[in-house]
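Novice: For reference, the chains in residue letters:
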Amino acid sequence: MIAKKWLLAVMAASLLLFHAAPAPAYAESTPYESYNYNYWEEAVPAPAAYIPDRTLSGKDLGVGDFRDPGDMVVAASGLIYIVDSGNGRIVCLDSDWKVNKVISGFDNQGKADTFKNPSGLYVNHEGNLFVADTDNGRIVVLSQDGVLLRMIEQPQSDILPADFKFIPVKVTVDQAERVYVIAKGIFEGIMQFDQNGDFIGYVGTNKVKRDYTEYVWRMLSTKAQKAQMALFVPTEFSNIDVDSKGFLYATNIDPGSKEPIKRLNPSGEDVLKRFGYFDIKGDIRFRLSVGPSKFTDIKVLANGMYSALDANQGKVFTYNDEGDLLYVYGGKGNQVGTFKIPVAVEFSGGNQLVLDRGKGNIVIFKPTRFGTRVNQAVGYHYNGEDAQAVPVWREVLQLNSNYDIAYIGIGKSLLMEKNNKEALEYFELGMDRDGYSVAFKRYRREVMQEHFGTFLTAIMVLAAVWIAFKLFSFWRRKRLSETSKQASQNLKEGKAHEAGFH
Amino acid sequence: MRQDFIKFPLHLIVHPFDSFWDMKYEGKGKIRVTLTILLLVVISMILKNQFAGFLVNYNDPRHLNSITQLFTIVFPFFLWCLSNWAITTLMDGEGKFKEIMMATGYALVPIVIIYTPMVIASRFMAEEETTFYYLMMTISSIWFVALLFVGIMTVHQYTVPKAIVTMLLTVVVMGIVVFLGALVLSMLQQIIEFFVNIYRELTFRT
Chain B
0 MIAKKWLLAV
10 MAASLLLFHA
20 APAPAYAEST
30 PYESYNYNYW
40 EEAVPAPAAY
50 IPDRTLSGKD
60 LGVGDFRDPG
70 DMVVAASGLI
80 YIVDSGNGRI
90 VCLDSDWKVN
100 KVISGFDNQG
110 KADTFKNPSG
120 LYVNHEGNLF
130 VADTDNGRIV
140 VLSQDGVLLR
150 MIEQPQSDIL
160 PADFKFIPVK
170 VTVDQAERVY
180 VIAKGIFEGI
190 MQFDQNGDFI
200 GYVGTNKVKR
210 DYTEYVWRML
220 STKAQKAQMA
230 LFVPTEFSNI
240 DVDSKGFLYA
250 TNIDPGSKEP
260 IKRLNPSGED
270 VLKRFGYFDI
280 KGDIRFRLSV
290 GPSKFTDIKV
300 LANGMYSALD
310 ANQGKVFTYN
320 DEGDLLYVYG
330 GKGNQVGTFK
340 IPVAVEFSGG
350 NQLVLDRGKG
360 NIVIFKPTRF
370 GTRVNQAVGY
380 HYNGEDAQAV
390 PVWREVLQLN
400 SNYDIAYIGI
410 GKSLLMEKNN
420 KEALEYFELG
430 MDRDGYSVAF
440 KRYRREVMQE
450 HFGTFLTAIM
460 VLAAVWIAFK
470 LFSFWRRKRL
480 SETSKQASQN
490 LKEGKAHEAG
500 FH
Chain Z
0 MRQDFIKFPL
10 HLIVHPFDSF
20 WDMKYEGKGK
30 IRVTLTILLL
40 VVISMILKNQ
50 FAGFLVNYND
60 PRHLNSITQL
70 FTIVFPFFLW
80 CLSNWAITTL
90 MDGEGKFKEI
100 MMATGYALVP
110 IVIIYTPMVI
120 ASRFMAEEET
130 TFYYLMMTIS
140 SIWFVALLFV
150 GIMTVHQYTV
160 PKAIVTMLLT
170 VVVMGIVVFL
180 GALVLSMLQQ
190 IIEFFVNIYR
200 ELTFRT
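As they're listed, the protein sequences go chains B and Z.
So for the first sequence, numbering that gives the first Met the number 0 puts the first residue at 0; every next one is plus one.
So for the second sequence, numbering that gives the first Met the number 0 puts the first residue at 0; every next one is plus one.
Bear in mind the hints are in silico, worked out from the structure with no lab data behind them.
Some clues are possibly wrong.
Stated by the list, open to error - Simulated restraints, written as ranges between beta carbons of each label pair:
| hint | chain 1 | residue 1 | chain 2 | residue 2 | range |
| --- | --- | --- | --- | --- | --- |
| 1 | Z | M186 | B | F285 | 29 to 39 Å |
| 2 | B | D93 | Z | H62 | 27 to 37 Å |
| 3 | Z | V164 | B | S480 | 27 to 37 Å |
| 4 | B | I199 | Z | F50 | 58 to 68 Å |
| 5 | Z | R61 | B | P160 | 49 to 59 Å |
| 6 | B | K222 | Z | T130 | 45 to 55 Å |
C-beta atoms are modelled at their ideal positions from N, C-alpha and C, and glycine is treated no differently.
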């Protein structure tokens, strides 16, 4: 009896404990709402593609707090460089998040030299560091071990004004060792330097857009008023990155622009593919009090994808090479995974990293199953392996049946396999009218080829029936008119007869 | 029956000058035919929005509503007739309200006879061929406007410039009517609210 009671108590306790125990931390929870835009430009909830994993501050790394870090770069070797602007140093981490080295100065012809508020960094494929040493007005090129290789200082050129002051902010290097620099107060575009550090010229000027009301207003103003008005100057670029083919990806912060992201070819033309449903400008719908997306960084990922960082709302927008918005993550706030002043987005071993200047830390985002599958499928499609992409897209659709790009991806693959009828359905689900049209044309031809005989027979039969009907009615009318003629004749005769009778 | 519903409207759309004359002076038009045409326009509009081919149909299927479509056609139709009647009585028009209604209704015939076949055809079109669809749609609209113009001109016995001015003024009057209607409705609403409030106050006092 006692044993039974005791057993009961244990059972009750275990039940209680089971219920009282805190639920395991929900694995896929995020402090932000994930969404994507559908064809009708509505923000539709979507599964998160990336979830915050952990944060790393300077203290966690044991190098002291970061002060206003300005940029972050992941080198080809996997080393992660953080430009700690306020402390004038560059912190290098290895891929296990351990401090590899800290570069706080270099040897400049026998003298110890330091950085002054560096805010941009690029690491080329050899591992050389290009530091935009902002307040010193120079680009410092260091080898991997921190040995000074050369410096790019105040450029000399006829096209530069006499009082020009070189204040580099961001820097990027392409395969041909040309150096691209975004400098403060330069509206003409991105400054381009050759291998030796000589100024070549500008690439990719932002066009000035004149507001119509502004134009009218200007016409009505007096000279004195005009002098006080703001000048129409093109917006500055905010950041650049270079892809594997040597094309520059540049972002600007023009608030009204429909093209805040540009892909510049070597002659400076914008060649970004914009085949998606809507403009590549971050948020399509936003509160007026918040304003449109303001991109501060861009990172080219593998397989033609690129991520752009919206500082206005702390979101990261990732697009594929055709300009479809793949997913959005991040937000503003104080939780892990939201940012105060995000300044740089990077990609390292499948994870995405965001550097937050406001909090002085790095947030590491790891992909969810959804994010991984999307990346994988986009990769297959980019490399022309559409058939392999199909099962992956199907899995994506299981996770998010509103994912239009997956429908289009499957449709394209079916089109390749000449399975036109099924492709039609998928293109319609993905609202891809171009793909639908191609599939429909092929399908229509197929059907026509198959049924041309029956079609022609039907037409012949119809024509024969019609001719027979016409002939028949003609014959009937003729007979009718004949009989009526006869009848009238009879009538006449009858009348005459009657007349004669009288 | 056949004469009224099929032969005369089909004759009218290709011989507008004679037919509108016949309508006014020979008593050939019928109000019930006008209403039938209006109904057919509504039906063909609904069919177009619902069943036109994917390549030409940019409607969000979640927001399609046949009742709304009915009102977006029937309401402007009567608004147009009313405004036109109002403006033409001031501008020495000879048309009666019935004649205005009939002229407007019969002018809608091209829309009925072009829309439905094009909706069927659009389901068998590829993207390059949709130009043809849009061309036919445009033709039907232009045809409608031209017939309406001839109709108004004949019914009121106007010259060409006067007919154009009247039609433009009609559109303005339509706007005024809508504005006044909205004003009256909101005033009514406030008056009703006022009396409801008085009633409430009184019930609480006693």
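Novice: Hints first: check each against the structure and report whether it holds.
Specialist: We went through each hint and held it up to the structure:
Look at M186(Z) against F285(B): about 38 Å separates their beta carbons, and that is inside 29 to 39 Å. Distance hint check for D93(B) and H62(Z): the Cβ-Cβ separation is about 55 Å, which falls outside the suggested range of 27 to 37 Å. Between V164(Z) and S480(B), the C-beta spacing of about 54 Å breaks the proposed range 27 to 37 Å. Between I199(B) and F50(Z) the beta carbon distance is about 60 Å. The supplied range of 58 to 68 Å therefore holds.
For R61(Z) paired with P160(B), a C-beta distance near 57 Å keeps the hint of 49 to 59 Å intact. K222(B) and T130(Z) have their C-beta atoms about 52 Å apart, which keeps the hinted 45 to 55 Å range intact.
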